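Participant: Residue numbers (the working numbering), protein chains in the order written: chain F, 13 to 503; chain L, 97 to 195.
Honestly, the hints are just simulated from the structure, not real lab data.
Please read all numbers here as calculations on a predicted model, not as lab measurements.
Incorrect hints may have been included.
Residues of chain F clear of chain L, computed beta-carbon distances all greater than 12 Å [stated by the list, open to error]:
#1 33
#2 76
#3 78
#4 104
#5 118
#6 352
#7 364
#8 381
#9 499
Some, not all, of what chain F presents toward chain L, calculated at C-beta under 10 Å [said to hold, decoys possible]:
#10 32
#11 34
#12 71
#13 75
#14 241
#15 284
#16 332
#17 339
#18 368
#19 457
We put the beta carbon where it would ideally sit given N, CA and C, even for glycine.
Listed below, chain by chain, are the residues.
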Amino acid sequence: MSAAEAWRLSAASLADGVRAGSIGYQEAIESGWEGPAARWEPDVHAVVHADPEVRRRGAARSNGGPLAGVPVLVKDNLCTMDYPTTCGSRILGGYRPPYDATVVARLREAGAVITGKGNMDEFAMGSSTEYSCYGPTRNPYDLERVPGGSSGGPAAAVAYGLCPIGLGSDTGGSVRQPAAFCGVFGLKPTYGRLSRYGLVAFGSSLDQVGIFARHAGDVALAYAALAGPDPFDATSRLGPAPRVSDWDRGVRDLTFGWPANLWKEGVDPEVVGALEQAAACLERCGARRSPLDFLPGEYAVATYYLVATAEASSNLARFDGVRYGFRHPESDDVRALYTRTRSAGFGPEVQRRILLGTYALSAGYYDAYYLTAQRARTRICREYEVAFARCDFMLMPAAPSLPFRLGEKTDDPLEMYLSDIFTLGANLAGIPGLTVPLDLSAAGLPRAVQLLGPEDSEPLLLGAARVIEVRGEETRLGRDHLTEFAWPTKR
Amino acid sequence: MPIDRAEVERIAELARLEIPPEAIERTAAQLSEVLDFVASLSRLELDRLGPTQFAPVEAPLREDELDSRRLAPETALAAAPEAEGGFFLVPPIVENVSP
């Protein structure tokens with residue numbers, strides 16, 4: 013393969029080539045820009061900040077680490093010193109953080125180069141990447157459809173080939189749902205396993221940095237480089253992260269939960285078909301199916317939209333036009349400064365969620381809404397505990413439908429919230445979830461499933477994902493490059 | 097409908113947001129729809145459950161020393177819309193009172 017085709021490689025193979033000297037650092041970074049981005053980016057619009065000079069300096073500073081010369085698109089809510097960090101919001105227009113997020117610093121230490129910042133729903137509030145002040149990102153598999161959200165930019169860029177790895181954030185499914193819509197892997201690790209230092213906060217008890225990749229092996233590679241305690245994040249888990257070095261162990265004698273009551277109605281038959289196909293594949297490889305009856309997802313949606321909005325209303329109070337970002341020019345007292353800045357700076361969905369969270373926390377309503385939701389959250393955590401006493405991991409849809417059309421849900425907030433029905437539970441319970449792409453539907457849209465496991469089960473989930481990735485063939489580590497990725501083709 | 101116009105105005109004030117008059121009715125309807133949906137939680141048996149809390153069992157403590165990665169004042173002020181003499185600048189907070 014020539015260096016110009018380096019963008020087709022997995023991160024593992026690309027880093028091998030760079031360390032062996034067959035691909036230059038500069039070529040490794042630019043290949044994705046020259047080939048696929050030239051073709052796709054004008055239509056898809058996955059990237060919101062990019063700078064060839066910053067990339068050149070990044071490539072020059074790279075090193076022979078595990079991610080040597082690997083370009084990574086980072087969601088625009090992760091702080092980067094060399095690119096603006098704006099969360100897709102006018103209120104942070106032009107903001108440049110004075111420090112790198114810990115996950116960004118760890119990427120650089122491992123030899124990766126930040127190739128740009130990815131588009132997102134404003135402050136990660138959305139499921140379609142339509143609520144961005146930079147305009148929407150489109151799905152490379154069908155430009156009339158959304159890439160999912162809120163991390164739609166990194167998901168779409170990894171799918172079309174800009175870079176083999178992307179970083180997003182997952183507060184309610186914002187990595188796993190766009191991964192499913194764009195046909196790539198998307199991991200939300202156990203709460204606290206990846207540092208949140210430098211991730212602009214949305215719902216602090218739910219937020220987790222997540223990883224996109226086209227190959228299960230690349231997710232493992234990035235996880236190994238990023239996971240682990242961080243003294244700068246008080247919620248990061250103490251003790252070492254689970255080792256993923258021997259993750260490719262198959263699923264023989266493992267049991268997977270099959271909560272079929274969750275997809276009895278309201279779920280696209282294509283999604284149900286994907287679940288059956290993945291289950292059959294796992295069974296062929298020696299896993300056992302254990303039928304479960306699980307709490308309907310509507311309760312998770314109801315709980316989540318109280319907890320997440322309450323936390324968001326507190327976290328977003330810091331955006332007031334004083335310390336960074338946009339300030340409304342006409343304010344003659346400080347109260348007007350706050351109100352005008354916030355009203356002009358935040359988009360409609362962010363304002364809606366701040367209002368809802370403020371209401372749920374306000375005097376007289378706290379017990380009825382916020383406290384009830386935190387109790388329901390305990391109930392949901394128990395539900396997973398009971399399930400994982402009976403199985404090693406669970407098979408779930410990542411989303412109730414295949415990618416929907418742009419504009420289809422923007423006028424109906426509740427309808428948009430319901431598209432996260434299968435992902436929110438993992439954030440409420442703090443457990444890991446992994447989207448595994450399967451194939452393309454007859455209409456050419458990605459189909460995927462989600463795996464959920466107990467805390468720190470990332471190696472097990474990656475092993476099961478690998479079985480589905482290679483359609484059940486016996487594999488061992490180091491064969492990532494043999495798995496063919498279903499690249500998008502322009503219509 | 098749990099939220100009416102007056103309630104939207106009350107919480108907007110608390111949240112330091114200004115909802116344009118023509119959007120208040122729509123906002124009230126959208127918030128009410130979500131709150132009606134959320135009312136489904138009353139069907140769950142929650143009486144004996146405590147709220148979920150994420151306070152860590154063993155709080156990680158560090159030495160009581162200055163953090164080496166702390167921001168220098170000029171770095172912290174660099175992104176401010178207005179700053180002067182090492183301070184963030186804001187419009188008057190208290191009324192001008194003559195002595």
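Participant: Each of the hints needs a verdict: does it hold here or not?
Facilitator: Consistency of the hints with the structure:
1. 33: holds (35 Å)
2. 76: Residue 76 of chain F is indeed farther than 12 Å from all Cβ atoms of chain L, at 26 Å.
3. 78: Non-interface label on residue 78 of chain F holds, nearest chain L Cβ at 24 Å vs cutoff 12 Å.
4. 104: Residue 104 of chain F is in fact no farther than 12 Å from some Cβ atom of chain L, at 9 Å.
5. 118: Correct as stated: the minimum Cβ-Cβ distance to chain L is 15 Å, above 12 Å.
6. 352: violated (7 Å)
7. 364: Answer for residue 364 of chain F: violated, closest chain L Cβ roughly 6 Å.
8. 381: violated (7 Å)
9. 499: holds (39 Å)
10. 32: violated (36 Å)
11. 34: violated (38 Å)
12. 71: Since the shortest Cβ distance to chain L is 26 Å, the answer is violated.
13. 75: violated (21 Å)
14. 241: holds (8 Å)
15. 284: violated (24 Å)
16. 332: Since the shortest Cβ distance to chain L is 7 Å, the answer is holds.
17. 339: Check passed: Cβ of residue 339 of chain F comes within 4 Å of chain L, closer than 10 Å.
18. 368: holds (6 Å)
19. 457: Nearest chain L Cβ about 28 Å off; hint violated.
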